[in-house]
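Undergrad: Residue strings, one per chain:
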Amino acid sequence: MKNKNKIILFSSVLFGLSIFNIASKDRVFSNLENRVLMQKPEINSNNILSSELRDNFETYTNDQFIFRDQWVSLKTLSDLAFGKKDNGRVYFGKDGFLFDVEASLDETQVDKNMASILSFNEGLENKLPITAILVPNKSSIYPQFVPKFAPIDMEASLMKEKIDRINTFINIRYPFEAYASIEESLLYYKTDHHWTADGAYIAYKDLVQNKAVLYEDFNIDTVSTNFYGSNYRKANSTYIKPDSINSVIDVDDYIESILIDDTQELNSYYAPAYLNKTDQYSYFLGGDYGKVDITTTFKNGQRIIIFKDSFANAFVPYLTRNFEKITMIDLRYFNSSIKDLNLQNNYDQVLFLYNIQTFAQDKNLSKINK
Amino acid sequence: MVFSSILFLFWFLPITLLLYFLAPKKYKNIVLLICSLFFYAWGEPKYILIMIFSTVLDFTTGKMVARAKQDGNINQAKRWLWLSISLNLGSLMFFKYSNFFITNINSLFSLNFKILNIKLPIGISFYTFQTMSYTIDIYRGEAKTQHNIFDFATYVTLFPQLIAGPIVRYQDIQDELNERSISLTQINSGINRFVIGLAKKVLLANNIGLVWEQISSGQYNSSVLLHWIGILCFAFQIYFDFSGYSDMAIGLGSMFGFNFPENFNYPYMSKSITEFWRRWHMTLGIWFREYVYIPLGGNRGSRFMQIRNIFVVWILTGIWHGASWNFAIWGLYFAVLLLIEKFIVQRFIHKIPKIMRHVGTLVLILISWVIFAFDSLDMGLHYLSNMFALNGTPLYTQEALYILSTQFIMLIILSIASTNVFKKISLKYKNPIVENLVMLMLFMLSVAYLVDSTYNPFLYFRF
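If you read the sequences in order, they're chains A and B.
Heads up, the first sequence is in this note's numbering, so the first residue is 1 and it goes up one at a time.
Heads up, the second sequence is in this note's numbering, so the first residue is 1 and it goes up one at a time.
By construction, these hints were calculated from the structure, which means they are not laboratory data.
Glycine included, every Cβ here is placed at the ideal spot set by N, Cα and C.
Each hint can be trusted.
Keeping only pairs whose Cα atoms sit at most 27 Å apart, straight-line, the calculated BS3-like set for lysine-lysine is:
| hint | chain 1 | residue 1 | chain 2 | residue 2 |
| --- | --- | --- | --- | --- |
| 1 | A | 325 | A | 370 |
| 2 | A | 4 | B | 423 |
| 3 | A | 4 | B | 26 |
| 4 | A | 4 | B | 430 |
| 5 | B | 423 | B | 354 |
| 6 | B | 424 | A | 4 |
| 7 | B | 46 | A | 40 |
| 8 | B | 428 | A | 4 |
| 9 | B | 25 | A | 4 |
To spell it out: a stretch of chain A is covered by chain B in this simulated footprint if at least three of its residues, at any positions, have a beta carbon under 8 Å from a beta carbon of chain B; those stretches are:
| hint | stretch |
| --- | --- |
| 10 | 7-13 |
| 11 | 16-25 |
| 12 | 62-74 |
| 13 | 78-92 |
| 14 | 150-163 |
The following block holds chain A by itself, in its conformation from the complex (with noise of 0.2 Å):
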């Protein structure tokens, strides 16, 4: 009978769904969300009146709901529907371009940062020159792609005029600044924050200026077609599509040898193992480390030390074929003195290779004086 048939659909749906809820294997970890999914919380005579345990408990049912990560990217998709375009961690631009929600700036950070800066330039007394290769953000080079209205780079203007006062002591670039519109190349990754090879190479091209290898005389190629990059890892949803990575591939016949810390030498300058992992943008160089030292085959005495966040990675392949030596120093992992590294007399040129916001924000600047 017609009456019936609501009632059938409920309860299969409401039952079914709590049967095989219960019935199906619970996972350990969401790739998808990049996170660790709440276990089966054990109950003894100790917690059973606990609150704890019945908020593992309700966690529990969420993070092992069956088919979980279809409906979180059913969830999305519904918010992209109502005309959403942010979830609270990316923005989800035109052409599949996402961009990451930014946290508002620290005034007090940047002036920090630019004084140890200053106080780092006072220090080597003027004996190297020393130049800055400052990224900017995505959503600053392709404006075109963020959603309408979204307040992204609200604060970037505020950030550049307080970099922009140590310019007459420090060389500071912007790579991509003659690149007004967009080329053929894509120079960031759509789902990742970093830059794509061409990237990199264009601030290649910006450092070394008319001693640049030509493009076409690297040899770049595509090394993966299914990169889910650093945005996507906060947009739940399945539905979104992947980067390629390209690489310079055969940067090792222009290495001699890559020490990390001092103490371990690496085969190769990339990390293939990275790319069946989720953070496959760590195929370049295995990630980053306090020290990297480089010495190329490219005999012409030319030592340069570059400060350097992540985003150096992808840049310094295009190095090895312009200086003999080349030293990576992440200061976020860089414990030790780097007035002993006794730069002026170790090398020809310092450069800071950073992307804009981290020279700005990253707390870890200041030890460049230690």
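Got chain A; can you put chain B on it based on the hints?
TA: Structure of chain B alone, referenced to chain A:
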């Protein structure tokens, strides 16, 4: 435990439904009682004792009042009645208002009494009002004495309306408590009602509430547009949250064979504040009318008395919502508006075009929500001043435009859903297949949002 959770939907509810429908008739109330106690204990294991106390208290006083009346001893009956009222109100005042009294006495007399470390037992404002209504109605002869304490306990603890209403007077369900049959129609309408309520809460209220939370947290630069959007979001959140919860309560009640009273009747369609309060939280209005307004004399007596009665009822209604001065002001605000409407505007209200009345009412309601939303009167006033560009507030900023553009579709849907348009359409084009499809879609979408559930606020923790 809240209805809008995976835990409730796919663990508690299936088990409860199964036990209930498998149980023989005479055990159905016990099943409901045990499940309801479990439901309450899940969130508040210790405070379950207070609810049990309230139950035993009014079961006993009810019997005593009835017996005294039977013996013709009205004074004795009155004594038992006042015992019930004072103990119930005492309990409510202690748990809900002690710290309010203490902080006020501290600031008034520059003292420094420590505030008590007590949490508000969830639902206490609802169940004490319900149990009180039982004893009062016995005294008035409007309700039949319940001689089975377990049946009475079932009434008090009934999980569908325990935590957020509707406020169900004993006389509303006394017959169904003792003897009920469940028809297919009832279950069908129960399912419909429940799914609609769930969708209102999860798809509408939670989402627009998130926007309100962002705006009210002050993370955006101020602008007139931002503040109007903000309070509009709050107005939608509280309506769809509260009415959604009432829908779920009524729907669940229906599934178990109970007919709970309606609580909301499209309040944002009102063309006057008087009308608004006949459509908003109707069971609360009825409770205050029956047990405070009418005993005080209602609208009989001198004009002074009438005005006094309205002030008393509305300030009490205000602070019922929370132990904080802004709620008293909120109640006072409505008292003044209602009096103005009753004694002044009523005469020429029909001369004002309908649309102006509607818009005017909505503006007054939005202003009332500002008072309601902020505990601190300072913050409330500050918010209002921004709404009316009094601080040199700019008309709009980029952030306000972003919020408007990304929430536009949702705001349109919320506006339409605040009217009876959907109801009228469904009544006119009755099509069971489409209806079931829509219900299924709403349910599945709600599940999707619940599974993701990073934000699922429970607005009624103050009750």
